[in-house]
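A.B. asks: At the far end of the sequence shown sits residue 775, using our numbering, and the numbering has no gaps.
Please keep in mind that the hints were generated in silico from the structure rather than gathered at the bench. Among these hints, one or two may not hold up.
[Unchecked claim] Using 20 Å as the maximum straight-line C-alpha spacing, the simulated SDA-like pairs for lysine to any residue come out as follows:
#1 K719 / Q731
#2 K719 / T733
#3 K762 / Q746
#4 K762 / G748
#5 K766 / S740
#6 K766 / G741
#7 K721 / I754
#8 K719 / A737
#9 K719 / D730
#10 K721 / S757
#11 K762 / G741
#12 K766 / Q746
#13 K719 / G741
[Unchecked claim] FRET-style restraints, in silico, Cβ to Cβ:
#14 T726 / K762: 16 to 26 Å
#15 S759 / F716: 25 to 35 Å
#16 D718 / D758: 30 to 40 Å
In this text, a Cβ means the ideal position worked out from N, Cα and C, and glycines have one as well.
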Amino acid sequence: MKRLRKLPVIALLSAALLVVSSSTVNATGNTIRVNGASSLATFLDKCKASYATATGDQFTGYTAVGSGGGKTQFGAGNVDIGLSDSENKNADKPAGMLHIPF
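Given these sequences and hints, build the entire structure.
C.D. replies: Put into structure tokens, the structure is as follows:
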């Protein structure tokens with residue numbers, strides 16, 4: 674049962690990483706900066722080697738700064754993906770932010 678609850682998170686992260694990797698210049702060797710919710714830190718650490726092998730891209734070690742920190746860091750342009758379990762209100766949403774709930 675626990676595995677089934679992780680499936681939507683896995684799908685979300687895969688989609689987010691795919692969007693970022695396809696939106697960058699079509700070249701390998703890109704570095705993707707990711708941080709945010711602490712609940713995903715262990716999962717992302719386990720996935721980064723497979724992602725690098727599959728795409729040729731790297732993502733920096735995930736920094737668990739909390740959901741609010743992920744949104745703040747993304748809004749400031751410090752990361753490419755800021756993971757959070759809460760949505761920004763429209764007034765606080767930076768331009769270009771896409772919220773995919775998980």
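A.B. asks: So which hints don't hold here, by number, going up?
C.D. replies: 13, 14, 15, 16
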